[in-house]
Amino acid sequence: MTEVLKRDEVVAARGVRVTFGAVKALDGADLVIHSGECVGLVGHNGAGKSTIVNVINGGLTPHEGTITYGGQDERGISAARANGVRCVFQELSLCPNLTVTENARIMHPDLKGWNWRSGALALVEAHLQEIFPGHSIDGDSTVDDLSIAERQMVEIAISFAGTDKKPKLVILDEPTSSLDAGLAAQLMAYIRKFVSEGGSVLLISHILGEILSTSDRIVVMKDGRVTADRAAGEFSTRSLVEAMGNVVREQEWARAAATKTGEPVLSMPPRRGHGLAFEAYRGEMIGLAGLGGHGQTEALLDLYLDRNSNWWPTRRREIAFVAGDRSLNGTFPLWSILKNLSVASLGQLSTNRMVDRMREETLGESWKKRIEIRTPDMDNRILSLSGGNQQKVLFARALATTADIVLMDDPMRGVDIGTKQEVYDILRSEAANGRTFIWYSTEMDEIRLCDRVYVFREGAIMEELIGEDITEKNILAASFSEGAAA
Amino acid sequence: MTPHRFLLGKPWIWSFAATVIVWIITVLFTGGASSFGLSQAALTFAAFSVIVGIGQMFVITLGPGNIDLSVPATMTLSGTLALKLMDVQDGMILVGLLASIGIGLIVGLGNYVLIKLLRIPPIIATLSMSFIIQSVAIWSNRGLRIKPPEMLANFTTSDLFGIPNVALVAFLLSVLAWVLLEKSIYGRWISAIGQSMFAARMASIPVDGTRLVTYMLCAVLAALCGYLLASFSGGAALNMGSEYLLLSIAVVVIGGTAVAGGNSNIPGIWGASLFLFLVVSMLNTYGFGAGFRLILTGLIIIVVILLAGGRQSFR
Numbered sequence: 001m002t003e004v005l006k007r008d009e010v011v012a013a014r015g016v017r018v019t020f021g022a023v024k025a026l027d028g029a030d031l032v033i034h035s036g037e038c039v040g041l042v043g044h045n046g047a048g049k050s051t052i053v054n055v056i057n058g059g060l061t062p063h064e065g066t067i068t069y070g071g072q073d074e075r076g077i078s079a080a081r082a083n084g085v086r087c088v089f090q091e092l093s094l095c096p097n098l099t100v101t102e103n104a105r106i107m108h109p110d111l112k113g114w115n116w117r118s119g120a121l122a123l124v125e126a127h128l129q130e131i132f133p134g135h136s137i138d139g140d141s142t143v144d145d146l147s148i149a150e151r152q153m154v155e156i157a158i159s160f161a162g163t164d165k166k167p168k169l170v171i172l173d174e175p176t177s178s179l180d181a182g183l184a185a186q187l188m189a190y191i192r193k194f195v196s197e198g199g200s201v202l203l204i205s206h207i208l209g210e211i212l213s214t215s216d217r218i219v220v221m222k223d224g225r226v227t228a229d230r231a232a233g234e235f236s237t238r239s240l241v242e243a244m245g246n247v248v249r250e251q252e253w254a255r256a257a258a259t260k261t262g263e264p265v266l267s268m269p270p271r272r273g274h275g276l277a278f279e280a281y282r283g284e285m286i287g288l289a290g291l292g293g294h295g296q297t298e299a300l301l302d303l304y305l306d307r308n309s310n311w312w313p314t315r316r317r318e319i320a321f322v323a324g325d326r327s328l329n330g331t332f333p334l335w336s337i338l339k340n341l342s343v344a345s346l347g348q349l350s351t352n353r354m355v356d357r358m359r360e361e362t363l364g365e366s367w368k369k370r371i372e373i374r375t376p377d378m379d380n381r382i383l384s385l386s387g388g389n390q391q392k393v394l395f396a397r398a399l400a401t402t403a404d405i406v407l408m409d410d411p412m413r414g415v416d417i418g419t420k421q422e423v424y425d426i427l428r429s430e431a432a433n434g435r436t437f438i439w440y441s442t443e444m445d446e447i448r449l450c451d452r453v454y455v456f457r458e459g460a461i462m463e464e465l466i467g468e469d470i471t472e473k474n475i476l477a478a479s480f481s482e483g484a485a486a
Numbered sequence: 001m002t003p004h005r006f007l008l009g010k011p012w013i014w015s016f017a018a019t020v021i022v023w024i025i026t027v028l029f030t031g032g033a034s035s036f037g038l039s040q041a042a043l044t045f046a047a048f049s050v051i052v053g054i055g056q057m058f059v060i061t062l063g064p065g066n067i068d069l070s071v072p073a074t075m076t077l078s079g080t081l082a083l084k085l086m087d088v089q090d091g092m093i094l095v096g097l098l099a100s101i102g103i104g105l106i107v108g109l110g111n112y113v114l115i116k117l118l119r120i121p122p123i124i125a126t127l128s129m130s131f132i133i134q135s136v137a138i139w140s141n142r143g144l145r146i147k148p149p150e151m152l153a154n155f156t157t158s159d160l161f162g163i164p165n166v167a168l169v170a171f172l173l174s175v176l177a178w179v180l181l182e183k184s185i186y187g188r189w190i191s192a193i194g195q196s197m198f199a200a201r202m203a204s205i206p207v208d209g210t211r212l213v214t215y216m217l218c219a220v221l222a223a224l225c226g227y228l229l230a231s232f233s234g235g236a237a238l239n240m241g242s243e244y245l246l247l248s249i250a251v252v253v254i255g256g257t258a259v260a261g262g263n264s265n266i267p268g269i270w271g272a273s274l275f276l277f278l279v280v281s282m283l284n285t286y287g288f289g290a291g292f293r294l295i296l297t298g299l300i301i302i303v304v305i306l307l308a309g310g311r312q313s314f315r
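Sequence order for the protein chains is A and B. At position 405 of the first sequence the residue is numbered 405 (UniProt numbering), and the sequence of numbers has no breaks. At position 201 of the second sequence the residue is numbered 201 (UniProt numbering), and the sequence of numbers has no breaks.
Honestly, the hints are just simulated from the structure, not real lab data. Accuracy of the hints is not assured; some may be wrong.
Once the Cα atoms are required to be at most 16 Å apart in a straight line, the calculated EDC-like pairs of lysine to aspartate or glutamate come out as [stated by the list, open to error]:
no.	chain 1	residue 1	chain 2	residue 2
1	B	K183	A	E360
2	A	K168	A	E360
3	B	K183	A	E9
4	A	K473	A	E430
5	B	K183	A	D356
6	A	K168	A	E9
7	A	K193	A	E37
Model the full assembly from the supplied sequences, consistent with the hints where possible.
Structure follows, in structure tokens:
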């Protein structure tokens, strides 16, 4: 059996390990794609899907393990392209200032000569017509003028197009995220046709219906490993969701018994005109769950900015924010730890708008003890701290304010487990004192600490889970659309 | 830790060291005869660049891209209108001062309206604003050269125990600015905004309000400087502010304020202002022309930025 399959291998990654610092993105993952099959790849956030895609397309060199194209051991993006591997990324990678045909020229360097434009136009139009019959995209229009769906269609068409040699493997990362049901169905039909002609497709999608109906084989990833690799027919929506998560672990926390008491302290109408409205009550710990980038951070920013003037100092702080995302960093790099901690509570530390240094130092010392910031001197620069301790300072900054509501934007990313436990304890006791926490997290263990969870999908709140219903299975089921309604 | 902390904490030491060296060289050349006169002149002219420099420093602290190029035009308009309003009457001195401050407030507001509402980068917004201000100054001046009120002219040109009065005014303003910067909430806010606008916004700092106040503060200081300079030199002239465009930025940069924002330095402005004046008088004493002086000023700024850049990489 192995003899036959090895000849048909398009790409094989075996025993691949990739680490980013202390984070194991891939921990010995195997993924073999044969010609003439469509492989569906599913998994929760951080399971390693994008990392393995980047290993296959040559963008990342694995620290351990082998990667072979058609049985040959080769490395790099150009080797992957030479072996017919094409990739359609979720974040669209067309140049917005160029026309459709010019973008095709970038992807296909062999469109050469004085008349390459007509060659490119013919190529793009032929493939658009083949994949999305009845489309209305003009090949000479600038990408900027196209809608998001049209851009996605163009990118897919360009990737499936081949001048001299046809692509052997096309990787589609969330290809239908901006397509409506009709266009998605056309694409799925085309994938089947492409596969039946001997091509292969690696399909990544959060719409499980698509994966189940289109793939021949489904690979499930979790924590950098492949946990299931079976024929698509053996899965149902339910068993697929179960394969993505682990078995529900026992609850470590006693949740606040009574929630939703009195008037909501914070509320927001349904986002993007559909889904559920957001409400938060005093003393609650609310989790925002769902796949990464489905509108949780935007919801937090909206909640915050609506209640915070950009022009006048606020008399009484009612809301505080803990940033976590590395790109939206909350630290002030030139400042000491103490100044970073006190910046949000300057109002309560001053007399006549002049900062009282003594009161500031007292506040710093008390939080240094309480949250265990590991530094000999609070006047040391913030950058002298480790990432986890910097994050603790950001927590202390928010908790030191008089704000009743604390918003947290995935604040524990990249923080070690010991620090996490310390912070969880503080959050619990603060919540018991009547503070409300709204917590976006990509980690299932943290979401399960919350009293109530809103699951986001495509920018809106799709599901509300309370108490015992907050399980990995339920959250996954709500984060992945079942396809029919999409 | 300690050595680089020292360098970061006291970058103004260099500008004072350079000032002392240039002073000694100049005095040696003239055989020591001019040392008192030179010091007094240096303090007087440094005072004007300190006043505009402080305003510019607050703006530069707001972070990359923040700069006020309307400073020279504001000085001219303020000097022109204040002298016209006071019309050589001693009783109108205070009214003239208030008018200057008013002009500063309006210019600062106008600058930030352009920056914020029309989303123009500060460098272009303040430059276009300066054309408007300069045109108003030309239109209202019409070649008139009105003398300042007697009392005001005497005040700006005389001294107290050998220290020029304008230098005392500049010193007083520096102390106020230092308190504002180091001790007040506002000072923390502008430093925070200069380091990361997003982080500042998320720490509930009213970013737009703070920036507006800063642009207004800068314009008020420029207007005040124009008022004093016009009184000192016996009348306003349409080009009286022009050399302060480069000077206001140069003293901030040479004084050790981070060009990238977030970190500012008031003692350094004094050192840099004295230094630049002394370099000019040294070159004058040695008989170099105006062109060479400008080349040298440019070179000094480049060298200081290079050195400052080198210091940052220690972190």
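Outcome of the hint check:
With a C-alpha separation of about 12 Å, the suggested pair B:K183 and A:E360 falls inside the 16 Å cut-off, and the hint holds. Distance hint between A:K168 and A:E360 is unfulfilled; the C-alpha atoms sit about 64 Å from each other, more than 16 Å. Restraint check for B:K183 and A:E9: not satisfied, since their Cα atoms lie roughly 69 Å apart, outside the 16 Å limit. As the CA atoms of A:K473 and A:E430 are separated by approximately 29 Å, the hinted pair breaks the 16 Å bound.
Of the pairs offered as hints, the one joining B:K183 and A:D356 holds, with about 8 Å between alpha carbons and a cut-off of 16 Å not exceeded. As the CA atoms of A:K168 and A:E9 are separated by approximately 10 Å, the hinted pair is consistent with the 16 Å bound. Proximity of A:K193 to A:E37 is assessed by CA-CA distance (about 11 Å); at most 16 Å being required, the pair is judged to hold.
Comparing the model with each numbered hint stated earlier shows that hints 2, 3, 4 do not hold.
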